[in-house]
Structures are given as structure tokens and as C-alpha cells.
Amino acid sequence: MSLTPSTPAPSSPPPPIRVSRAKVKSVTRTPPTFWERLFLPSILKGLGITFRRMFQKKITMQFPEERWAVQDNYRGAPVLVKDEEGRPKCVACSLCEYVCPPKAIYIVPAELEPGNTVERGPAVFNINMLRCIFCALCEEACPEEAIFMSKEFALWGETRAELIHDKETLYKLGGVRPDPIKKWSNK
Amino acid sequence: MSALASLASLTSLFAGSQASLTSPDFSEGFDLAWVLGRVGLVLLVVHVILILGALLVWAERRVSAWMQDRLGPNRVGPEGLLQPLADLGKFMFKEDVIPAHVNKAMYVLAPAIALVPAMVTFAVIPFMGHVSDAGERISWQIANLDLGVLYILAVAGLGVYGIALGGWASNSKYSLLGGVRASAQMISYELALGLAVVPVVLLTGTLQLGGIVDSQAQGTWFLFTQPVAFFIFLTASYAETNRLPFDMPESETELVAGYHTEYSSMKFALFFLAEYTNMTVSSALVVTLFLGGWTFFGLENLGPFMGLLIFAVKTLFLLFVYIWVRWTLPRFRYDQLMNLGWGWFLPLALLNIVLTAGQVALDLDWLMFVTPVVAVGLTLLAVRVRQNRDEAKDAAREQALAAGALVHPEAGR
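So the protein lines, in turn, are chains S and X. Residue 97 in numbering that gives the first Met the number 0 sits at position 98 of the first sequence; the count goes up by one each step and never skips. Residue 74 in numbering that gives the first Met the number 0 sits at position 75 of the second sequence; the count goes up by one each step and never skips.
Quick caveat, the hints were computed from the structure, so don't treat them as lab data. Predicted, not measured: the structure shown is a model, and the values here were computed from it. All clues given are correct.
Here's a subset of chain S near chain X, in silico, CB distances under 10 Å, partners left out:
1) 28
2) 31
3) 36
4) 37
5) 42
6) 45
7) 46
8) 48
9) 49
10) 50
11) 53
12) 57
13) 58
Note that CB positions come from ideal geometry on N, CA and C, so glycine has one too.
Please construct the entire structure, taking both the sequences and the accompanying hints into account.
As C-alpha cells, then:
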């Protein structure tokens with residue numbers, strides 16, 4: 000085993016750098032005219048432009064007061080809705096809880112007072128907005144059209160607990176949605 | 000109401016006797032009332048300048064926003080006017096970092112050195128005045144110095160020490176570069192600035208700012224009779240206050256923040272305030288020297304507060320121009336800055352002095368209208384001559400290249 004380093008390959012001259020004449024684009028520099036050399040006319044022109052811009056329409060949207068108009072199919076926070084007479088539509092069937100991919104929904108069903116045409120409703124209905132992925136599968140699964148994706152996109156809270164929307168919050172956010180089924184009056 | 004009452008008492012202090020306008024004669028005993036009145040006036044003016052500086056920050060942000068189709072800070076108070084207070088609160092509560100590698104004494108001292116000359120300059124600027132029965136315009140200022148113009152030039156030059164020391168004491172390369180740039184820029188433009196005032200002094204024959212205002216009110220504003228001097232003075236004052244297009248010491252894009260890179264909290268705020276105070280003072284100075292000061296074609300006869308209003312409106316307009324120019328023009332390259340200062344402003348200012356001195360020596364009335372025309376004409380001629388020279392140089396280089404000479408493509412540019 001020889002420790003002598005192998006002799007380097009005989010150095011060949013580097014290949015000449017070829018510059019294709021066709022690819023060289025020569026830029027003609029026009030020397031500045033007298034007017035351009037004064038600079039002041041262009042400075043004044045620039046000042047005019049900035050001055051005019053001061054009075055143009057501003058593009059800033061002042062967020063909490065002004066909001067983006069979202070698309071009709073926008074999927075915001077899921078909410079629970081009530082019918083025209085203010086009665087909750089949810090019957091606590093737990094289908095949304097079952098279908099929810101991130102397991103963001105938690106429902107405790109309860110029996111309503113006897114005599115009602117609707118027998119079941121949720122005692123607890125929590126949606127953890129830290130988990131929700133806004134997929135709208137709950138809305139699709141709901142047989143009673145009780146849960147909808149709202150247009151609300153500005154969700155915030157100072158604690159994690161605030162971002163678990165309970166039943167009251169969900170109904171408040173959802174409001175009223177007219178119901179053609181009228182399950183409370185006709186069974 | 001009490002503020003108005005104290006203002007009124009200050010008015011009586013000024014208007015009362017001729018003696019109160021100049022230094023009191025202490026040989027007849029110590030005049031405590033005069034001293035207290037003067038101290039009160041100083042406090043008033045200092046506060047006005049400081050508050051104006053804070054409001055200028057707000058104005059700068061709003062105006063720049065408007066020019067960029069934005070709204071700017073409009074949340075704190077009506078139209079965001081209380082934003083300066085919020086900013087002050089932020090500065091107060093920020094950690095006051097003194098890095099371990101700085102020269103502590105100089106580092107702490109520099110912001111104060113930057114701010115104090117800027118504020119002290121205002122002492123001699125006549126911000127209001129009254130017209131005496133004899134028709135003479137008597138200016139009111141904190142200190143009626145006979146050498147007002149010289150005083151301003153001397154004190155304004157001190158301001159750069161704050162920046163240069165701040166840059167040096169920070170012991171960081173960006174800060175040092177900023178400080179060095181500031182001092183080089185100050186040297187270059189102080190000359191042009193001083194020389195631009197000389198024609199005004201030649202024409203009025205006094206260094207007293209009140210006398211300069213009076214002389215303008217009798218004749219015309221020096222803006223019209225000395226346009227070249229006005230332009231040089233205005234531009235040089237932009238360079239002196241380190242504002243765009245001459246904000247080389249700060250140049251965010253190259254030097255992070257220049258001389259105040261290492262500063263935080265109130266020390267940084269002082270540098271900030273110094274810049275805006277410098278703006279206020281130089282605007283007031285331009286108004287006094289070239290735009291008729293607190294007079295406006297006889298409108299000042301309505302009373303001293305009318306004079307104050309006129310002065311304020313003119314100064315605020317120039318401050319707006321400061322902001323306006325900042326958000327319009329890009330920064331100069333350093334060699335362009337030096338070329339402009341030494342290669343254009345200095346010779347032009349000297350030329351203007353020679354012309355004006357000739358006018359004063361000949362003492363012909365109609366020359367007053369000829370001098371500005373000749374000065375502007377000669378300036379244009381100088382631009383033209385230099386253009387010819389550059390074009391000849393370019394042509395010679397082209398010829399040499401065509402003849403096969405090895406000339407660097409940028410040579411002579």
C-alpha cells in the first residue's frame with residue numbers, strides 16, 4: 000500500500016469563455032438633457048404627484064368597523080340556529096359530534112319536558128374552536144338543519160376556555176333561521 | 000383661562016417699555032420681575048417646541064400615510080392626535096439598554112447634546128411682534144441678540160456633536176459610520192448655509208433677526224430678491240437637520256439606523272425629538288430670513304397675536320414641506336451629496352454674495368430686481384457649461400474606444 004498521493008492529472012488549459020455576440024445586448028445611454036440636469040423640474044413634478052395622492056381614496060380597511068364581504072359559500076365558525084319562534088332546532092342526535100374529524104364537538108343530550116312535540120335537546124353543546132377545522136361536515140351531517148357554518152371569521156379570546164363555544168354562545172352567534180319543517184308545531 | 004391670563008401678562012412684559020425688549024440694566028438693582036417673566040417665557044416656548052415636536056411625529060405619520068393611500072395612526076384620540084402621548088408612554092416604559100461595549104459617559108450625554116442646541120437656537124428667533132406708533136416693527140423674542148444670525152450658525156453647528164458622539168460612543172460600526180457621515184455632511188453644508196445668509200445680511204446691514212424681519216416688511220421678502228440664496232439655504236437646512244433626501248447619518252437601508260442604532264427608550268426618543276426640533280427651528284429660521292418672519296403685508300398691524308399666527312402658519316407650512324419632500328424624494332448617494340454641497344452650492348453661494356455685494360456697493364434701486372434674474376441666469380449657465388464639459392468628455396472617451404484604446408467603460412463618469 001503506497002502512501003504517496005496519486006499524481007494529479009496533467010492540467011489542461013481551461014476552455015475559452017465563449018460569449019455569443021448574438022446574446023449581448025448593448026444598452027445605449029442617452030446623456031441627460033439640460034432640462035433633466037436641472038433636476039428641479041422633475042423634483043417639482045414628483046412633489047405634485049405625492050400631493051395629489053394625499054387626496055385620493057385610501058385603500059386601508061379599518062378592520063373592526065369595516066369587514067371584508069365574504070363569499071356566500073364561506074365557512075366561518077359553526078353555530079347553532081333557532082327557528083322563527085326562537086325555539087332551538089338541535090335535537091342532540093350527536094351526528095355532528097360523530098362526524099367531526101378533529102373531535103371538536105361535545106354534546107350531552109337531555110330529555111325536554113314532556114308535552115313538547117320535540118323530545119330531545121342538548122344539555123351541553125360545546126364546540127372547541129381551537130380544534131375546529133371549518134370543514135362543514137357537521138353542517139352536512141345535521142338532519143335537523145340546526146348547525147350552520149356562519150360568516151364569522153374573527154374569532155379571538157384571551158384564554159383557551161374562551162374559545163370553547165358553549166351552547167349560549169353558539170345560539171347567540173347563530174340567531175334565527177326560518178324553518179320550513181315546523182317540527183315544533185306538527186309532528 | 001389661567002394660561003390666557005399668563006399669556007396676557009407676558010404680552011404686557013414685552014409691550015410695556017422699550018427697556019424690556021433688550022437686556023435690563025442691572026446697575027439699578029436686580030429686576031426680579033423681568034427675570035421671572037423671561038424664565039416663564041422660556042418655559043412656555045420650550046414646551047411649545049416639545050409639544051410641536053411630538054405633534055410633528057404624528058403629522059409625519061399621517062401625511063406619509065396619505066401620500067401612500069393609507070390612513071395612518073387614527074385610533075388614539077380624535078384623528079389619532081393623542082398618538083404622541085401613546086408613543087411617549089411606550090418610550091418611557093421601554094428598557095433603557097446601555098450596551099456593555101459603549102463609552103458610557105459619552106453614550107448617555109450624546110442625546111442631550113443633540114437636543115439642547117436645537118432648542119437653544121430658538122431663543123433669538125422673533126416669533127411675534129408689534130408695530131410701534133412710528134410704524135416700526137418691533138420683534139419679540141426670548142433674547143434680542145445683536146449677533147442673532149451668527150449665534151444661530153454657531154449653535155446650530157453644535158448639534159452635530161450629539162450625533163457624532165452618539166455614533167462614536169456606541170462603539171458599533173453602523174453607528175460610527177452614521178456619526179462620521181453626519182459630521183462630514185455638516186461641514187459641507189454648514190458652509191453653504193452660512194454663505195447663503197450673507198447676502199441677506201449684506202442687504203439688511205444687520206445681524207439682528209428682528210432687523211431682518213423689519214427690512215423685509217419694508218421692502219419685499221428675500222425669497223423674491225434672493226431666490227438662489229433661499230434655495231441654497233432651504234436645501235442646506237435639509238442637510239443640516241439630516242432629513243431626506245440627505246438623511247445619510249441615519250439611512251435605514253444601509254446603516255440599520257445609523258448613529259442611533261444602539262439607542263433605546265428615552266435616549267432614542269431624545270434623538271428623535273432633536274431631529275424634529277431641528278426641523279422646527281430651521282423652518283422658523285427660513286421664515287424669518289426669507290419669508291418675512293411674523294409680518295404679512297400689513298396684516299401684522301392687527302396686533303401681536305396676529306403676528307404670532309402669521310409666523311405659525313408660515314412655519315407649519317415649511318414643516319409640511321419638510322415632510323412632503325421626505326416622502327417624495329429618494330436618498331442621495333454619498334458622492335452626490337458631497338458633489339452637490341461643494342461643487343454646486345458653495346460656488347453658487349459665493350457667486351450670489353459677489354452679485355449682492357455689487358448691488359449694495361452700486362446702491363441703485365432697480366438693481367434689486369436685476370440681481371435675482373442674473374443670479375438665476377448664471378446658475379442655469381453653470382449647469383449648461385458643466386453639461387457641455389461632460390458631453391465633451393463622453394465624446395472623447397467614445398473616440399478613444401473607437402480607436403481601440405483600452406478604456407474602462409465607466410471612466411470619466
